[in-house]
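Asker: Residues per chain are reported as follows:
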Amino acid sequence: MPLDLVRRLLTPIQSPVSTSTYPEAAPLLQDATRGLPQIDPILCENEGACVESCPTGAIKWVSGAVESIDAGKCIFCAACVLACPKKAIAMTSRVELASGKRDGLIDPFEPPALGPNAGVETLLFDPSAREHIRMRVDSRLGRSLHVRHLDAGSCNGCDWEIAALLNPYHDIQRLGIDFVASPRHADLLLVTGVMTRNLEEAARRTYEAMPEPRMVVAVGACAIGGGVFAGSPQVLDGAGGTLPVDVYVPGCPPRPEAIIEGLLMALEQRR
Amino acid sequence: MSEPTTITARAIRERLAAALGHAVSVSGPGKAAARADDEMLVMVTREEFAAAVTAIRDTGARHVMLVGFDLRRPASTSGSSAARAAEARSAAAAGGAGASAAAAGGAGAEAKSAAEAASAARPGAGLAIEEVLAVPNGPIVRLRVEIPPDDRTYPSLTPLVPAAQWDERECHDLHGIVPAGHPDLRPLVIHEPDPPAAPYKSFVAHGSGVYQLPVGPIHAGVIEPGHFRFSAVGESVLYLDARLFYTHRGLERFVEGRTFAEALPIVERACGVCTVTHATVYSRAVEQLTDTEIPPRARAARVLLAEMERLYNHVGDLGNMCAGVGFNFGTSRLGWQKERLLRLNEALTGHRYLMGVVAPGGLRLDLEKRGLVGLGAAVAEIEHEVRSIVRLLVRSDSFMSRLHGTGILTRAEALRLGALGVAARASGLPDDLRRDRPADGYADIEVPQIGSATGDVAARFHVRAQEAAVSAALIKELAGSLPAGPAMVVPPGGPRSGSVALAGAEGPRGASWLWLMAGADGRIERLHLRSASYANWPVLASVVPGNLVPDFPLINKSFELCYACTDR
Numbered sequence: 000m001p002l003d004l005v006r007r008l009l010t011p012i013q014s015p016v017s018t019s020t021y022p023e024a025a026p027l028l029q030d031a032t033r034g035l036p037q038i039d040p041i042l043c044e045n046e047g048a049c050v051e052s053c054p055t056g057a058i059k060w061v062s063g064a065v066e067s068i069d070a071g072k073c074i075f076c077a078a079c080v081l082a083c084p085k086k087a088i089a090m091t092s093r094v095e096l097a098s099g100k101r102d103g104l105i106d107p108f109e110p111p112a113l114g115p116n117a118g119v120e121t122l123l124f125d126p127s128a129r130e131h132i133r134m135r136v137d138s139r140l141g142r143s144l145h146v147r148h149l150d151a152g153s154c155n156g157c158d159w160e161i162a163a164l165l166n167p168y169h170d171i172q173r174l175g176i177d178f179v180a181s182p183r184h185a186d187l188l189l190v191t192g193v194m195t196r197n198l199e200e201a202a203r204r205t206y207e208a209m210p211e212p213r214m215v216v217a218v219g220a221c222a223i224g225g226g227v228f229a230g231s232p233q234v235l236d237g238a239g240g241t242l243p244v245d246v247y248v249p250g251c252p253p254r255p256e257a258i259i260e261g262l263l264m265a266l267e268q269r270r
Numbered sequence: 000m001s002e003p004t005t006i007t008a009r010a011i012r013e014r015l016a017a018a019l020g021h022a023v024s025v026s027g028p029g030k031a032a033a034r035a036d037d038e039m040l041v042m043v044t045r046e047e048f049a050a051a052v053t054a055i056r057d058t059g060a061r062h063v064m065l066v067g068f069d070l071r072r073p074a075s076t077s078g079s080s081a082a083r084a085a086e087a088r089s090a091a092a093a094g095g096a097g098a099s100a101a102a103a104g105g106a107g108a109e110a111k112s113a114a115e116a117a118s119a120a121r122p123g124a125g126l127a128i129e130e131v132l133a134v135p136n137g138p139i140v141r142l143r144v145e146i147p148p149d150d151r152t153y154p155s156l157t158p159l160v161p162a163a164q165w166d167e168r169e170c171h172d173l174h175g176i177v178p179a180g181h182p183d184l185r186p187l188v189i190h191e192p193d194p195p196a197a198p199y200k201s202f203v204a205h206g207s208g209v210y211q212l213p214v215g216p217i218h219a220g221v222i223e224p225g226h227f228r229f230s231a232v233g234e235s236v237l238y239l240d241a242r243l244f245y246t247h248r249g250l251e252r253f254v255e256g257r258t259f260a261e262a263l264p265i266v267e268r269a270c271g272v273c274t275v276t277h278a279t280v281y282s283r284a285v286e287q288l289t290d291t292e293i294p295p296r297a298r299a300a301r302v303l304l305a306e307m308e309r310l311y312n313h314v315g316d317l318g319n320m321c322a323g324v325g326f327n328f329g330t331s332r333l334g335w336q337k338e339r340l341l342r343l344n345e346a347l348t349g350h351r352y353l354m355g356v357v358a359p360g361g362l363r364l365d366l367e368k369r370g371l372v373g374l375g376a377a378v379a380e381i382e383h384e385v386r387s388i389v390r391l392l393v394r395s396d397s398f399m400s401r402l403h404g405t406g407i408l409t410r411a412e413a414l415r416l417g418a419l420g421v422a423a424r425a426s427g428l429p430d431d432l433r434r435d436r437p438a439d440g441y442a443d444i445e446v447p448q449i450g451s452a453t454g455d456v457a458a459r460f461h462v463r464a465q466e467a468a469v470s471a472a473l474i475k476e477l478a479g480s481l482p483a484g485p486a487m488v489v490p491p492g493g494p495r496s497g498s499v500a501l502a503g504a505e506g507p508r509g510a511s512w513l514w515l516m517a518g519a520d521g522r523i524e525r526l527h528l529r530s531a532s533y534a535n536w537p538v539l540a541s542v543v544p545g546n547l548v549p550d551f552p553l554i555n556k557s558f559e560l561c562y563a564c565t566d567r
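From first to last, the protein sequence lines stand for chains E and H.
When we follow numbering that gives the first Met the number 0, the leftmost residue of the first sequence carries the number 0, and every step to the right adds one.
When we follow numbering that gives the first Met the number 0, the leftmost residue of the second sequence carries the number 0, and every step to the right adds one.
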């Protein structure tokens, strides 16, 4: 029916523009969003309940003090928050955690914050930091980036967040980034999952099929170090043992904005 | 259809006695007497196995799972996790703070005694398999057969119950138990077994003009890995052989020897988009083992979360079916509605895919008050949008002509191969665990029956759209009437070693079942998770022949099968 055709054309036109402006704007989070946990060193009495409770061993304990939280291992489950008898640890809204170095994911001991999120707010949502990101994007996006996704044994969570990059809200094409069907067309390999034994060869051959220069971004706790499956005889504990990882994007799964941050970081690295 | 009569455990026992020629001993789930008619365990010999399965099958029973287990294996805590736990404990002890040292000391002693118990004799120690069948309007029957370690064979069930074909292959891979007479014993789960098996050969069709089309394991889109080998003539598929389990992470072995709490985040991540379903079946199995009654708030909240999960999945899947024919209008509009639903998930639980909420005993994190405010209205608004998009799609002839008559799954084939979920309901089977075996809050509400009889892609499209509307209505009802009070009770101490619990839940892709055997000290002896996708993959492979190669993505998306929870 022609009327339906008109309706179909009108629907998108009548709808308000819903697309995100990330990275210029902060990611759209909810009050409840579980970002990286943070320890308040004043309340913390080093009882170690958080270390004991962490399912992935992300909280490191050195000589009686909690030293650091490894964002690359954290699955954002809040077990540490529930376990702490002194309520010295809280989830923050910190979700943009990408780093070009594995060590860079290990959160250094932060000075005490005023509220649960206060320190983080100033750190990440600082307008000058946003301006810097914008400049980075402008200077690096002189050309487009073609991405090939590789599932190396994920639970599908990271993959769905990558698929969400293509929806009308995140709309990653607005940044000149797009997904391609073949590794031969790709500049960058976006790896999710633990790297199973059954996929190791396929993953290696996918990488080898890419033209130089090529980059690898590991998305999610599994691709960084095996996540909750680290140590299983059937998995190789992350993409790093098989592929040269350039950027790590923590999360379980990382939010779409965090994946965009990782991709932009990879662009920055590529000279 | 008239309401079928209820089949009692007693009737099953009589039927088995008639088939086997002697009385059988039956044990129930052990705890509440009220559940005696819900579940029963029957021990049979290898020789009697086929006759017993046939007797139960002839009541119209559906295959739930076949699980193998090996109770003679040494303590099963995997190396690195044990090391990690020990490291954490010794670090904690080094920390020296009073309370934690006491707690850590307790945990250390626990681990030690678990290891001791594991090496000691166990009840019914040995190799065994269990075939689990669900009798409609009757009990779940677990037929257990012990397998002698020096002769690891039994007569294959696949000729009797074709739905068991993959279960038997998996059991063969993981436990070395040989189902004699199985038509296809190629490696399924472990691609490169040790010792090496014969090189893997895809099954292909031969003949003049037949060509092979290999696809995957790495696919063109943002999807999971699997290898498909099409045998085709021109555009028509003659045969499809699917090789999966590329994302096999060894989940079941990996959780053995862990405490119930430790295993939760791992089982929850069997599949990232059915997290509520899998956390719920796991939690309910643990609750059965520990005889835990969850609080009313948790009962209702689990239904709310399960319906949120169904809704975002169904809306996303409707969009993906548009992507399967390259109809971007639907993909984009429905993708936007799905994004809005993910935001509601995040507001409600702090996680876009609802992870970390459901736990044994109730909910480990209560629902956010702010997320509940206005949830019903927001979901109703999104549902209204989805409905209007679907209306436009249905009126688009070019779209619907791709869906009608494509990928037909007949009722008989669905029954034969044990199809589940939307795939079953779109082919005239009424199966829905929310109605058939209601658990948690589903016992308190009425879920309308939805179905279609045509069994094609269009039927699955319509069933999904209608189920999305039902989910939205249930969410609206529950969000406003969630009981107050605690959301969690701490499950009491460890269950008897060797006791087994079985729990099923209707997820977005169909019924997922979890079989859980307790070990010593509240640890897991053996866990088996059979997701709906596991059941539906062989169904898909049988539906595709006769269709065009370019229709495969569409048919695939209409089944919406998950690789991760199949492969585990």
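It is worth saying that the hints were derived from the structure and are not from the lab.
You may find that some hints are simply not true.
What the hints assert, rightly or not - 20 Å max Cα-Cα, derived SDA-like pairs, lysine to any residue:
#1 E:Lys86 / E:Glu44
#2 H:Lys200 / H:Arg185
#3 H:Lys368 / E:Asp30
#4 H:Lys475 / H:Val488
#5 E:Lys59 / E:Ser98
#6 E:Lys86 / H:Gly373
#7 H:Lys475 / H:Gly427
#8 E:Lys86 / H:Glu445
#9 H:Lys200 / E:Glu200
#10 E:Lys59 / H:Glu261
#11 H:Lys200 / H:Asp240
#12 H:Lys368 / E:Leu28
#13 E:Lys100 / E:Ser67
#14 E:Lys86 / H:Asp365
#15 E:Lys100 / E:Ala31
#16 H:Lys200 / H:Glu445
#17 H:Lys368 / E:Ala31
#18 H:Lys475 / H:Gly373
#19 H:Lys368 / E:Leu81
#20 H:Lys475 / H:Pro549
#21 H:Lys368 / H:Pro485
#22 E:Lys86 / H:Pro537
#23 H:Lys200 / E:Ala201
#24 H:Lys368 / E:Gln29
#25 H:Lys368 / E:Ala77
Asker: Now, for every hint given, state plainly whether the structure supports it.
Answerer: Evaluated hints:
1. E:Lys86 / E:Glu44: holds (10 Å)
2. H:Lys200 / H:Arg185: Given pair lysine 200 of chain H, arginine 185 of chain H holds - Cα atoms ~8 Å apart, limit 20 Å.
3. H:Lys368 / E:Asp30: With a Cα-Cα distance of about 10 Å, the restraint between lysine 368 of chain H and aspartate 30 of chain E holds, given a limit of 20 Å.
4. H:Lys475 / H:Val488: Since the Cα atoms of lysine 475 of chain H and valine 488 of chain H sit roughly 26 Å apart, the hinted pair is violated (cutoff 20 Å).
5. E:Lys59 / E:Ser98: Between lysine 59 of chain E and serine 98 of chain E the Cα gap is close to 19 Å, so the pair holds against 20 Å.
6. E:Lys86 / H:Gly373: With a Cα-Cα distance of about 30 Å, the restraint between lysine 86 of chain E and glycine 373 of chain H is violated, given a limit of 20 Å.
7. H:Lys475 / H:Gly427: Roughly 28 Å separates the two Cα atoms, so the pair is violated.
8. E:Lys86 / H:Glu445: violated (41 Å)
9. H:Lys200 / E:Glu200: Holds: lysine 200 of chain H and glutamate 200 of chain E sit about 18 Å apart, inside 20 Å.
10. E:Lys59 / H:Glu261: holds (18 Å)
11. H:Lys200 / H:Asp240: Holds: lysine 200 of chain H and aspartate 240 of chain H sit about 10 Å apart, inside 20 Å.
12. H:Lys368 / E:Leu28: At roughly 16 Å apart (the allowed maximum being 20 Å), leucine 28 of chain E and lysine 368 of chain H satisfy the hint.
13. E:Lys100 / E:Ser67: Roughly 16 Å between the alpha carbons, so the hint for lysine 100 of chain E and serine 67 of chain E holds.
14. E:Lys86 / H:Asp365: Cα-Cα ~17 Å, so holds.
15. E:Lys100 / E:Ala31: violated (29 Å)
16. H:Lys200 / H:Glu445: Distance of about 48 Å is beyond 20 Å: violated.
17. H:Lys368 / E:Ala31: holds (10 Å)
18. H:Lys475 / H:Gly373: holds (9 Å)
19. H:Lys368 / E:Leu81: holds (18 Å)
20. H:Lys475 / H:Pro549: violated (39 Å)
21. H:Lys368 / H:Pro485: holds (13 Å)
22. E:Lys86 / H:Pro537: violated (50 Å)
23. H:Lys200 / E:Ala201: Roughly 17 Å between the alpha carbons, so the hint for lysine 200 of chain H and alanine 201 of chain E holds.
24. H:Lys368 / E:Gln29: Given pair lysine 368 of chain H, glutamine 29 of chain E holds - Cα atoms ~12 Å apart, limit 20 Å.
25. H:Lys368 / E:Ala77: holds (18 Å)
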